[in-house]
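Asker: Residues per chain are reported as follows:
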Amino acid sequence: MEDKELKDKLLLSKLKAEDKLKDRILHQINAEQALIPKKRKSKRASKENYFSIFGIMYAVILSLGVYFYSQTEKNPLESNTFVFSVIFVAGSFSIYWFLMVYMNYKKVKQ
Amino acid sequence: MEEKQLIKQILKGDSSSFAILVDQYQDMAMTIAYRILRNKQEAEDVVQNAFVKSYHNLHSFRLNSKFSTWFYRIVYNTAITSMNKIKNRREEEISEHSGVHAYDLKTESNLHSELDEQKSRVNKAIQQLSKNESVVVTLYYLEEYSVTDVAEIMSLSKSNVKINLFRARKKLEDILK
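Chains as they are written, first to last, in my numbering: chain A, 1 to 110; chain B, 1 to 177.
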């Protein structure tokens with residue numbers, strides 16, 4: 001049997017994909033794609049939150065340090081009031097950040 | 001539109017251009033998957049997975065190579081993985097599937113016409129080949145790939161492809177003469 005004859009015969013066995021297969025493929029790709037930007041967006045938003053919240057926190061602590069130093073002219077770390085104020089500020093900002101992360105997580109899950 | 005341009009557009013985020021690639025390659029992908037799995041439903045699932053995989057991994061495709069070779073390799077590997085999973089899960093059911101397949105082929109084709117009778121003969125002949133042999137002849141004769149390309153798609157050596165091709169040709173000649 002010649003190659004051409006064999007090829008002609010094999011052509012008879014070539015399958016034709018059903019029309020709905022293409023729709024299924026494109027639907028899956030579009031569905032998966034719709035999910036990806038959402039995830040990226042929420043990740044980016046939580047990163048921005050992280051930097052802005054803790055940025056403000058450090059600015060507040062720094063201004064507290066400057067205030068204590070200008071009032072007492074001593075090392076602020078030696079003052080109990082300063083240390084407790086710093087703990088209070090850091091704690092409040094951390095709780096706020098934690099709540100933001102938790103709310104973001106709930107939103108993405110929904 | 002040229003294939004490379006099409007791929008560049010898809011990489012830029014135009015997923016609708018991917019439909020053109022699906023149109024172009026789905027029939028051959030079905031044929032390859034079917035040769036390995038010998039079940040239409042499973043072959044369809046494999047083709048769907050292979051297209052989705054290729055879409056997500058398109059960034060790793062080198063534009064200076066042939067898209068079809070790269071894609072058929074994904075189809076082949078996905079089909080082999082799927083076949084192994086099925087084998088491991090339910091070895092006994094495989095024989096049932098091949099029985100269903102034989103029935104499908106018979107019912108699908110109208111045996112009254114000469115062309116369909118010939119089709120049925122060819123399908124039966126291909127079923128008597130090993131999975132590798134049937135994929136090799138399909139790629140070599142239907143897609144007109146070189147032995148090197150077939151070897152690349154199937155991760156076989158060139159000599160192995162040649163042996164498979166020789167055996168398949170001989171078996172088909174014996175059955176179809």
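These aren't lab readings, by the way, just hints derived from the structure by calculation. Check each hint, because a few of them may be wrong.
Claimed, not checked - Computed, partial: chain B to chain A, Cβ under 8 Å: (1) 14; (2) 18; (3) 22; (4) 47; (5) 52; (6) 70; (7) 74; (8) 118; (9) 122; (10) 126.
Yeah, the Cβ is synthetic: ideal placement off N, Cα and C, and Gly gets one too.
Asker: With reference to the structure, classify each hint as holding or not holding.
Answerer: Here is what the structure says about each hint:
no. : hint : in the structure
1   : 14   : violated, 11 Å
2   : 18   : holds, 7 Å
3   : 22   : holds, 5 Å
4   : 47   : holds, 7 Å
5   : 52   : holds, 5 Å
6   : 70   : violated, 17 Å
7   : 74   : violated, 13 Å
8   : 118  : holds, 6 Å
9   : 122  : holds, 5 Å
10  : 126  : holds, 6 Å
The structure does not agree with the numbered hints 1, 6 and 7 stated previously, though it agrees with the rest.
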